[in-house]
Amino acid sequence: MHYLFEPGLFSSGPVKTALLVGAVVAITSGVIGVFTVLRGQSFAGHSLADVATTGGSGAFLIGVNQFWGFLAAGVAAAAVMEGIGVQRRRGRDVATGVVLGAALGAAALFLYLGTLKTATTGASFTVLFGSIFVISPDTVPALIASGVVALLVVAVLARVLLLTSVSPDLARARGVNVRLVGIAYLAALAVSVSLAAVAIGAVLSTALLIGPSATALRITKTPARAMAVSALAGLVATWLGIVLAYDSYYWPPHGRGWPVSFFVVALVLIGYLLSYVRPRTRRAPRSPHEGVECSPA
Amino acid sequence: MFSGLMMNTWITASIVAVIAGMTGFFAVLRGQTFAAHAIPNGAFAGAAGASLLGINVIWGLLVFATGGALAIGALGGEGRDRRSRNDVVTALALVLMLGLGALFISLGSQYAEETYADLFGEVFGISQGEVLPIAGLGIVAAAAIAVAFRPLMLTSALPEVAEARGVSTRTADLYFLVVMALATSMTVPVVGALLMFSLMIGPAAAARSVTARPGTALALSVVIALATVWLSIALSYQTNWPLGFFVGTIGAAFYLVGQAARAVAPRRAAVPDRAIAG
Numbered sequence: 001m002h003y004l005f006e007p008g009l010f011s012s013g014p015v016k017t018a019l020l021v022g023a024v025v026a027i028t029s030g031v032i033g034v035f036t037v038l039r040g041q042s043f044a045g046h047s048l049a050d051v052a053t054t055g056g057s058g059a060f061l062i063g064v065n066q067f068w069g070f071l072a073a074g075v076a077a078a079a080v081m082e083g084i085g086v087q088r089r090r091g092r093d094v095a096t097g098v099v100l101g102a103a104l105g106a107a108a109l110f111l112y113l114g115t116l117k118t119a120t121t122g123a124s125f126t127v128l129f130g131s132i133f134v135i136s137p138d139t140v141p142a143l144i145a146s147g148v149v150a151l152l153v154v155a156v157l158a159r160v161l162l163l164t165s166v167s168p169d170l171a172r173a174r175g176v177n178v179r180l181v182g183i184a185y186l187a188a189l190a191v192s193v194s195l196a197a198v199a200i201g202a203v204l205s206t207a208l209l210i211g212p213s214a215t216a217l218r219i220t221k222t223p224a225r226a227m228a229v230s231a232l233a234g235l236v237a238t239w240l241g242i243v244l245a246y247d248s249y250y251w252p253p254h255g256r257g258w259p260v261s262f263f264v265v266a267l268v269l270i271g272y273l274l275s276y277v278r279p280r281t282r283r284a285p286r287s288p289h290e291g292v293e294c295s296p297a
Numbered sequence: 001m002f003s004g005l006m007m008n009t010w011i012t013a014s015i016v017a018v019i020a021g022m023t024g025f026f027a028v029l030r031g032q033t034f035a036a037h038a039i040p041n042g043a044f045a046g047a048a049g050a051s052l053l054g055i056n057v058i059w060g061l062l063v064f065a066t067g068g069a070l071a072i073g074a075l076g077g078e079g080r081d082r083r084s085r086n087d088v089v090t091a092l093a094l095v096l097m098l099g100l101g102a103l104f105i106s107l108g109s110q111y112a113e114e115t116y117a118d119l120f121g122e123v124f125g126i127s128q129g130e131v132l133p134i135a136g137l138g139i140v141a142a143a144a145i146a147v148a149f150r151p152l153m154l155t156s157a158l159p160e161v162a163e164a165r166g167v168s169t170r171t172a173d174l175y176f177l178v179v180m181a182l183a184t185s186m187t188v189p190v191v192g193a194l195l196m197f198s199l200m201i202g203p204a205a206a207a208r209s210v211t212a213r214p215g216t217a218l219a220l221s222v223v224i225a226l227a228t229v230w231l232s233i234a235l236s237y238q239t240n241w242p243l244g245f246f247v248g249t250i251g252a253a254f255y256l257v258g259q260a261a262r263a264v265a266p267r268r269a270a271v272p273d274r275a276i277a278g
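These protein sequence lines map, in sequence, to chains A and B. Residue 297 is where the first sequence ends in the working numbering, and the numbering goes up by one at each step. Residue 278 is where the second sequence ends in the working numbering, and the numbering goes up by one at each step.
If we strip away everything but chain B, and leave its shape as in the complex, we get (with noise of 0.2 angstroms):
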């Protein structure tokens, strides 16, 4: 289980888990989780159609990946449409990605097997040069967060007093949304499109239901995507069953139990979470 090409497994799916960790608990504090299951959908279409191309399926993982976050980001809304106006637009992006997809696969000589990796990932099985990339990524990925740490959490949290600060919600979410996209494309070949979005969203939910403090939520969303992938890759080793199986219901299991934590001491939770949640 912990032989030679299992490490390259062990240390690249905790690259991602901390990856998703981070980039899910911003994901599920500014409600943007169908955009966090939108992009790595649409990037999962880039790659069929890079493929089709005959180039390199990075190409068209970032393509699709940065494409779609900018549309949505650019058309999105601003004040008090802002939701419901993101949520329209992350749809049609959504569908116009994988209408492409469609498209792409369906003109493309591609075996049902690497669209099925695309979709849920080939994490046993990752060679050394697969490794270097995807820490290097996730290094980018996670400045980025730090460098825009402040801003991203006060429009998360508090709108109204960032736009009168000057920061505005609208370029934040641009900015998160990039982020988003450049962690998907590399992640997505590896992990698949459907895993990502179960481990951005399970941990961070789970994390924000259990403690108020940002930076608290922040380091247990990372904790908790860390452990769900390391018991799902320990348990689909053993049983042979899809990754993807494991880590969409042990993330799901977690925010049932931080839920369940929550209505057992109520009054804890009740006044700071306000606080961030706005």
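Okay, chain A solo, but in the shape it has when bound (with noise of 0.2 angstroms):
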């Protein structure tokens, strides 16, 4: 036990408050990339998050809180994907990459503009990566009242848009409105990834709600039970990330931690992995969570 967790890793602050902020983002992620993965967005996904970014350091440079800067970046993003991608998956994908285009250009700008300001270009590596440790304590109401919005309105939704996800003409024939519970789905997904890239980088929220998803999905049979499977992998994986990044301080090269982002997705992809490896019985579906937490020892 000693060596897993190194003496003062739970009386750290920092520590609890990534612990308690990535429990939150694991599981929003876990429960909202099902359906992600269901109606293969995952591209949307990925970019809402770099476009939420882009609007947040906009917001910083215009002097306005950042949260309604990638809030409204997130929302707008979600709204004009939706709005000028045809139905078919081919062109949401052509849409959403020129969207992504756009805002990455966008990011440019901001940075640049933001570097005359500021003098550093520490910036556009925090977008891309950020860090779990150094979340400020008042962004975690923020992060979690995000979370259970997000999770709210995809609970609501959740029928409609699993009939959306699977078939869209028969929800179509049924009288949905498909192309308004894509709107409304992606608004969630917006507010969830988005506040996630901005407290733990774009890469790290992208693995927490597509890897997680992707393993539960190839091994449970019902959504309702590939939720839960998969918010809990996305939570151990988060969990012993952290607590591995915190023990790599004392590995090689001396006294310079390795990134939680890169624990986190090791871990997911491993147990995403085992998931092709185990044989095709009717096991309960326990085996990622066991894969993932042997695996680093």
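Note that these hints are calculated values from the structure, not bench results. For every residue, glycine included, the Cβ atom is placed at its ideal position computed from N, Cα and C. The reader is advised that the hints may include incorrect statements.
[Said to hold, decoys possible] A short, non-exhaustive set of chain A residues, derived as facing chain B with CB atoms under 10 angstroms:
1. 37
2. 39
3. 40
4. 43
5. 102
6. 107
7. 203
8. 219
9. 262
10. 264
11. 265
12. 266
13. 269
14. 272
15. 274
16. 276
[What the hints assert, rightly or not] In silico negatives: residues of chain B with every beta carbon more than 12 angstroms from chain A:
17. 7
18. 55
19. 58
20. 62
21. 63
22. 127
23. 130
24. 132
25. 143
26. 149
27. 215
28. 230
29. 234
Join these two chains into a complex; the hints should help.
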């Protein structure tokens, strides 16, 4: 035990915040990610994280609170993606790509103007990779609130969402406004993903959105069970990643920690690959957690 | 604006635009937009790894770009679940490469400026020595696409027919992804990972919404990419704002114009579009 949990781990303030935020992000992403994977919108999920951070840096430039920047950018991008995208999946991907391209261009401009103001270029690094250990405690309530809002939207829409994900034609025949559902869902995705991206970086937010849900969907039969498994797998990967990153300060090169995002991504990936090797028996869906827990030892 | 050093910029940027216009056309047609985003970004992480090891950056770019392409191609699905499987596999390959990138950057002592250049490019100040390899690569990429033009078109437009004729969609996917990886690994240090992506998608999507003929659309995609780059360089030179901003917004603007043109003349586009989109 001592080798896994370095002394002082649980008395450190930043670690406590990281564990809490990690849990919120992992659970929200795990549940919403199941729909993202079912609907084939992984690209949109990743793009919204990038776009939202662009909005955040824009808000910083004009001196508005960053929260409004990334919320506005994320939700606006979600609306544009669904608005210009044709219903076919291929067209949707192209629309996502165009929005992302424009947003990345804007990010380049904001970062450039930002360097004129503050003479640092660290911003581009933070936007992509973030760090879970430097979250300020004031961000935590907003993160929890946005996670709850996104989960509520998805919970209310769950049945309709599943129907439109699996068979849009059937949903349309039953009088469901497929496009409206799509926008509502993307907006919820934008809220959860963008706050996660700002707190822990776009890389980690995408990893937690897609990895655990794809794993869960491979090994479970029903969507409800997939959501539970996915949230749990995300949680395990995140917490273990945080612990390992904390330990890594004692690894070579000395005195320089390895990033949390690396560990979480590695654990999430191991879980996903293990879902391939699992024999096709009707065992209870537990293997990914065992795999995730055992792997780094 | 057209002095000695700037000439290198114009030439290199034009070659990059031609490569991006061509590969982007197929990326859009084949629905591999996400891969077009993931591969340049992964290559960026490879560059960070190479500079950590102290070897030439090009090796890092090559290994990560082709490695990512092979992983996406090999683990990707086939048949009905091809798209959703590809989506997930691409996302996971992307986060793995970026996660490794985060590790390399935090272990290394690289300055943030270099990271910034790999992401957003450093198109002003290209030396003569950098132009030739990019020109060579442009020719290789163009040849690779020309050689496989028919199978690539067929598997993009009518996958079922292609399979019936013995052309594997999956092999075509893999082939195209590797071509895209090669193109990317040369262009990323010059134009940046983010710019390469914008340049691949915007012009190609705009071209596709205007014309349905594959040959015309491919040519138009290259022309729009060239126009985007030239306009962006001129504007960036005048305003001193970053090139990536202009490329991203002008590419998106072309797409919007294309969509508007299509909306004005919907009848002409309706039938042939189905013929290539399948």
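Hints, verified against the model:
no.	hint	verdict
1	37	6 angstroms, holds
2	39	8 angstroms, holds
3	40	4 angstroms, holds
4	43	4 angstroms, holds
5	102	4 angstroms, holds
6	107	8 angstroms, holds
7	203	4 angstroms, holds
8	219	14 angstroms, violated
9	262	4 angstroms, holds
10	264	8 angstroms, holds
11	265	3 angstroms, holds
12	266	7 angstroms, holds
13	269	6 angstroms, holds
14	272	6 angstroms, holds
15	274	13 angstroms, violated
16	276	9 angstroms, holds
17	7	24 angstroms, holds
18	55	18 angstroms, holds
19	58	22 angstroms, holds
20	62	22 angstroms, holds
21	63	18 angstroms, holds
22	127	23 angstroms, holds
23	130	21 angstroms, holds
24	132	27 angstroms, holds
25	143	26 angstroms, holds
26	149	20 angstroms, holds
27	215	20 angstroms, holds
28	230	16 angstroms, holds
29	234	16 angstroms, holds
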